[in-house]
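Note that the protein sequences, when read in sequence, are chains A and B. Residue numbering for the first sequence follows the working numbering, beginning at 1 and increasing consecutively. Residue numbering for the second sequence follows the working numbering, beginning at 1001 and increasing consecutively.
By construction, these hints were calculated from the structure, which means they are not laboratory data. A couple of the hints might just be wrong.
So, partial list: chain B residues that the calculated Cβ filter (under 10 angstroms) puts toward chain A [stated by the list, open to error]:
hint	residue
1	Ile1012
2	Leu1016
3	Ser1079
4	Val1088
5	Glu1092
6	Asp1097
7	Thr1100
8	Phe1103
9	Leu1108
10	His1179
11	Trp1181
12	Gln1184
13	Ile1185
14	Thr1189
15	Tyr1197
Computed list of lysine-lysine pairs in DSBU-like fashion (alpha-carbon distance at most 35 angstroms, straight line) [to be verified]:
hint	chain 1	residue 1	chain 2	residue 2
16	A	Lys334	B	Lys1223
17	B	Lys1202	A	Lys350
18	A	Lys334	B	Lys1202
19	B	Lys1223	B	Lys1202
None of these values were measured; they are calculated from a predicted model. Even glycine gets a Cβ: it sits at the ideal position worked out from N, Cα and C.
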Amino acid sequence: MPKFLQATAAWRISIWTTVAFALGTALAFSIVYFLVANAIQDRSDAWLSGEAEVLARVSADTPRDHLYNRIIGEVAELATQELPDERNERGQRLNSVFFLESDPNNNASPLWVGPGSVDTFLKAIQQTKLVPGIPESIEVEGWPTTFRVVTRNENGRMIYLGLSGRGARHLLRTLTGRFLILWGSTVLMGFLISYMSAHRTLLRVQRITDTVARIGSEDLGERLPQPVNSDEISRLAKTFNHMLDRIQSSVNELRSVTDAVAHDLKSPLTSIRGALESVLSSEPSEKWRDSIGDAIEGVDRLLSALDTTLDVAEAQAGALRLDRSTVELSAAVKQLVDLYQPAMDERQHKLVVDLEDHVVVDADWGLLNRVLSNLIENEIAHLPVGCQITIRLRSREGSAMLVIEDNGPGFPPDISTRAFERFVRGKHSHGHGLGLAFVDAVVRAHGGTAKISGSPGGGAVVTLSLPAIVLHPA
Amino acid sequence: MRLLLVEDDVAIQGFLKRALVESGYQVDTANNARAGELKALEGIHDAFVIDLGLPDMDGLDLIVRCRAQGISAPVLILSARRSVDERVRGLEQGGDDYLTKPFALAELLARLRNLLRRSSAPQNDSVRLQAADLQLDLVRHEARRGDHLLQLTPQEFSLLEYLCRNAGRVVTRTMILDHVWRMQIDPATNVVDVHIYRLRSKVDHNSPTPLIHTIRGVGYVLKHA
């Protein structure tokens, strides 16, 4: 079965309904078949009994002279032709009737009217225990079907009248053949109908899934089309719309809170910073210049921490606005490496860059730059002098994997499980503890994952995985 | 050059006005959008600096109204809002540049200069830059200090070119990252300073008069003495 079909519920639903349908109709047919076969047998038994009685009466009424055999033979012959004309497609008569009269006390040759030789039939009759008056099926050597035989005991003389089951078998075979054709086409049609209806129904679910996925990643203001009826799927759409309403209102609330916080804190900080800067531009004496510089740098650190906190809060709530474009990751990393190489040299770190080309992601370029610079700055800030840092980029099964590995002391054990939480930082770290929380939040907002681990040599490993855009080679 | 500054925060208005006046501009101020609109309609300003969060009207609406009445002077938007959409909307509705609070004065001044230069006759881009005894040939990517040819990497050359274009004016680390590396990041390490140290060691090496100066807390400036 092709994989894509296995994956659809429509396929599974229609397979199961078709199997149930096929089994049900097959069961119904076997009941009909059984009833028809019984009816045919009853009919032939009734006919055999009637004819056997007629023949027995004729036999009793006919004197035993030289004409006896001829008279009985002709009556039996007439009886065999009395049967409803059951012929096959080639016009051959299908019913074979035999008549046998024998006298076990008299060794005279039996009276035989019928096809083939008397001996094979006599042998078959003798092998079977026949009870007079009860129809029985016997098998005759050389004949494909059984014979239905009625026995009569006329004063010690045995009369056997037999009818081949060929006609009945032909009738039942025709019935079965027609049924199979009809059954096959009905089952196929049933399968198609149930597949189509399940597919149509599930297509609505698929549309909901697609729309919700798009809404989740782009515009929270969009809604699923208002359904006209009120079946289960329409209720699903309504539920999703309600949920989106709630998410949108909480996201909007968060945005207005972060905007308000940003505004209320930034305006005074802006004027402080501006005032300090204007003092600097009035060329104060040396001793003031340093203190004012320190003050400005402090304000800048405060502002940066504030901005990152708000960014992390928004990103974790799914309220970060992404300005997506196609980004070639190796180019983005190279650019950052260019920027940070001298700072690495300064700390005598060796930087090994191993980038696979043409790994493209749909991402916010500015945020991605901040994520990558955050990670590189972490390395610079926390590694002892003279370490090796490896940046590796690979594409794996539709994901872009970016690994930043060092041979330093690794993450302190007390924070390694919580490194992506806000304000978690190592004892000796001078950061505000927002860097990795920001990395994690932004990567998640892009539909990726960030994880930290230890390298075999004890160093720290940060692995980012982002959904990659599949490029078709031109 | 005459500017109109529309800003409701008195403290910010105060230091901005002082800084702009010091830089040689004539500055009119307004505390709200109504007053700002009235002053703007006099048509005597070469550029506007407009804050978005005004008490009586959104700064964007003020810009739209001014544009509708035929005011074409460039507008620099100031905003404390963080949203990217806000920036896009501001630029779509008639703003010419956008600066997020908090900002460095140096950056505000640089952006304002850019706007005013853009609105006046376009300057012909010269192929040579000169500051004191430093000469840059932008075509051959060569820099000379006096007679001495400097051995610079392409990155160092771009950095020096940016400092040289802004000779005598302070540039911040953010401005350097934005213009030389095209990156809007906020580094916590001294990554820009390392680049400057390296450049300085080549440019000011063995020279009695250093050209590249650090202004603590603000940024760098390339100037003579």
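Against the structure, the hints come out as follows:
A least Cβ separation of about 5 angstroms between Ile1012 of chain B and chain A falls short of the 10 angstroms threshold, and the interface hint therefore holds. The interface hint given for Leu1016 of chain B is met, as the beta carbon of that residue sits about 7 angstroms from the closest beta carbon of chain A, less than 10 angstroms. Below 10 angstroms, beta-carbon pairs count as interface contacts, and Ser1079 of chain B has one with chain A at about 9 angstroms; its hint therefore holds. Given hint, Val1088 of chain B at the interface with chain A, holds; its Cβ is 8 angstroms from that chain's nearest Cβ, closer than 10 angstroms.
Checking Glu1092 of chain B against chain A: minimum C-beta separation of about 14 angstroms lies over 10 angstroms; hint violated. A distance limit of 10 angstroms between C-beta atoms decides the matter here; for Asp1097 of chain B the minimum to chain A is near 17 angstroms, and the interface restraint is violated. With a cut of 10 angstroms, the hint placing Thr1100 of chain B at the interface with chain A holds, because the nearest CB-to-CB distance is about 9 angstroms. For Phe1103 of chain B, the interface hint holds, since its Cβ comes within 10 angstroms of a Cβ in chain A; the closest pair sits about 7 angstroms apart.
Satisfaction of the interface hint for Leu1108 of chain B is found here, the shortest Cβ-Cβ separation to chain A being roughly 9 angstroms, below the 10 angstroms cut-off. At a threshold of 10 angstroms, the smallest CB-CB gap from His1179 of chain B to chain A is about 13 angstroms, leaving the interface hint violated. Taking 10 angstroms as the C-beta contact cut-off toward chain A, the hint placing Trp1181 of chain B at the interface holds, the least distance being around 5 angstroms. Interface hint status for Gln1184 of chain B: upheld, as the beta-carbon distance to the closest one in chain A is roughly 5 angstroms, under 10 angstroms.
The interface hint given for Ile1185 of chain B holds, since its Cβ lies 5 angstroms from the closest Cβ of chain A, which is under the 10 angstroms cut-off. Of the supplied interface hints, the one on Thr1189 of chain B holds, with its beta-carbon coming within about 5 angstroms of a beta-carbon of chain A, less than 10 angstroms. The criterion of a C-beta within 10 angstroms of any C-beta in chain A is met by Tyr1197 of chain B, whose closest approach is roughly 8 angstroms, and the hint holds. For the hint pairing Lys334 of chain A with Lys1223 of chain B, the CA-to-CA distance comes to about 32 angstroms; that is within 35 angstroms, so the pair holds.
Restraint check for Lys1202 of chain B and Lys350 of chain A: satisfied, since their Cα atoms lie roughly 23 angstroms apart, inside the 35 angstroms limit. For the proposed pair Lys334 of chain A and Lys1202 of chain B, the alpha carbon gap of about 24 angstroms is at most 35 angstroms, so the pair holds. Between Lys1223 of chain B and Lys1202 of chain B, the direct Cα distance comes to roughly 16 angstroms. Compliance with the 35 angstroms bound is thereby established for this hinted pair.
Of the hints listed earlier, those the structure fails to meet are numbers 5, 6 and 10, in rising order.
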